[in-house]
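Visitor: Each chain is listed here by its residues.
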Amino acid sequence: MNRYWNEYQKTIADDHYFYERSCIRQTFFPGSETAFLRILREELGKDIFDDFRQHTCTGIGYHADIVPFETTMTVCARLFSLMTEHGYKNYVPSCVTSFGVFTEVLHTWQEHPELLEKTRENLYKATGREFEIPENLVHPSDIIYKFREELAGKMKYRLVNSFTGKPLKVVEHIGCHYAKIFPDKGVGKAEFPYVLAGMIESWGGEVVDYPERRHCCGFGFRQYLIQENRGYSISNTKKKLESMEPYEPDFIVTNCPGCTLFLDRWQYTIAEMEHKTYDKDGYGIPVLTYEEMAGLLLGYNPWELGLQIHQVQADHLLDKIGIEYNINDKYKGVSGTIFRKPEKPTILQV
Amino acid sequence: MKDFGFAIEKPRALDLDKADRNLYVRLLKREPSFARCFQCGMCSATCSARNFTDYNIRRIHTLMRQGQTQELDAMLQKCMLCGKCTLVCPRGVNLRHLIIQMRKLLNNE
Ligand code: SF4
Ligand code: SF4
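Residue numbers (the working numbering), protein chains in the order written: chain A, 1 to 350; chain B, 1 to 109.
So here's chain B without its partners, still in its complex pose:
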């Protein structure tokens, strides 16, 4: 491999056709109500963890759908499992159970 004195960078654009959505599909089987989420952000708006840290549960949904799961486990540690998000979700997504299942899946459980 020749060295030309510069490198080829990977684009930051996401190619959803090539994204690995395996974890997302498995998550949907464990918590099917997640399919109803329409990304309104009510969960993030009400979340106490969001209020005081950069934790963002809706962002986590998006990253999960896009197969960008590398940093999700660390992010999810900030959730206190209080369940406020489950109460406000207009689509009836069982968020607390969803979060528990995400943590398990990300740790191969």
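Excised from the complex, chain A in its bound form:
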């Protein structure tokens, strides 16, 4: 390996992880987290603990300026105390925002030990709990990235267009809080985002290097949380979509729950507001999480992965990869009941 590239690597623990779920993903893309746990346990044989007592990291409230940092540190400390209680040392938050928050909290404690002591005291007074600092903090995509070759060997499909035999063109988006706040905590830092690109390349696809690749997805917290500000959010997303459009990407894969949500849902809103879609046929560009991408290639049922609850439907993409699926199961619940089909948007095809 090129010696300079070594500087762009990070330490990713091998096994025994403590998992923390994401508020946004549990609501909008719950299949992804289930798929991640399944990949780790069933495909890679790893030990990962999912505690039912976990809670928010405060990320959204913190970045919206309504939760003070002292509170954030104490809430994060409680999560670490759950990890400590179960004897784990490797912390894996399922969200780029949480990852950014934890990195910031740990860095603050390193620079200001008095704040660590204060947080220990706050947590003890409030809950009677104690905690250890994690030895390794990684994002779930880091783990998938680390074991990407091992997973490639188990995959049923590849990121190849089964009609033309050519690699699929994939846009990747790592999310600002993954490597822009603390660049050395991300694989490839912020300049050479490689955590998702590595997966795409190992699994047969081609990464699209378009001009606005490193631009924000549009979430930006304050840009979205107040309705009047949402113009900032959607304008950002539009800038990205316009920049990638000429490359005709087959799909977008994202690292962060917010990015998945905004790159996906804003395609509907832009279509309604400006009658514009960013693919040739008017279906939009599907947006997948990295777990959904991995799960599909491993042969998991696309409806169990939750692809039907995305705004932009991925049926055409499944056909392109050659994935077998039963269209009648698309809106079938776990109990076997068929749910009502969602209403169709006016412009965006589904």
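Don't take each hint at face value.
Just a few of them, taken from the derived set where beta-carbon distance is under 7 angstroms, the chain A residues facing chain B [to be verified]:
#, residue
1, Q227
2, R230
3, G231
4, S235
I should point out that these hints are in silico values taken from the structure, not numbers from a laboratory.
The C-beta atom is built at its ideal place from N, Cα and C for all residues, glycine as well.
Let chain A serve as the given structure and place chain B with the ligands on it in line with the hints.
Guide: Here is chain B with the ligands on its own, set in the frame of chain A:
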């Protein structure tokens, strides 16, 4: 068209691939020495109009090259056609003639 209670703003970034450079190309035909300009700014530095107003001839060159011509006519009215810029230009750009031709082109002459 649905109203969601917010608007999509146009980005302020310039996309030079999409810029309309028609006027610039026509200007080059009328004053080919403009192609030699390397944006040193000597013309602006010496310009009396620049000294007392926000008029900036080099900025006008840039806007012309980028196809951002909407406000150029009004800006160019501040030039007194004294020709000091032509004297100092190290690349021999015939600035006074260039300015006259810009004014004409912007007024469809
Ligand atoms: S001719 Fe116009 S631009 Fe040139 S120095 Fe004189 S006032 Fe300035
Ligand atoms: S002095 Fe001449 S070369 Fe320099 S910016 Fe003006 S026109 Fe261009």
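Visitor: Work down the list of hints and note, for each, if the structure agrees.
Guide: Verification of the hints:
no.: 1; hint: Q227; verdict: holds (5 angstroms)
no.: 2; hint: R230; verdict: holds (4 angstroms)
no.: 3; hint: G231; verdict: holds (4 angstroms)
no.: 4; hint: S235; verdict: holds (4 angstroms)
In terms of the numbered hints stated before, the structure departs from none.
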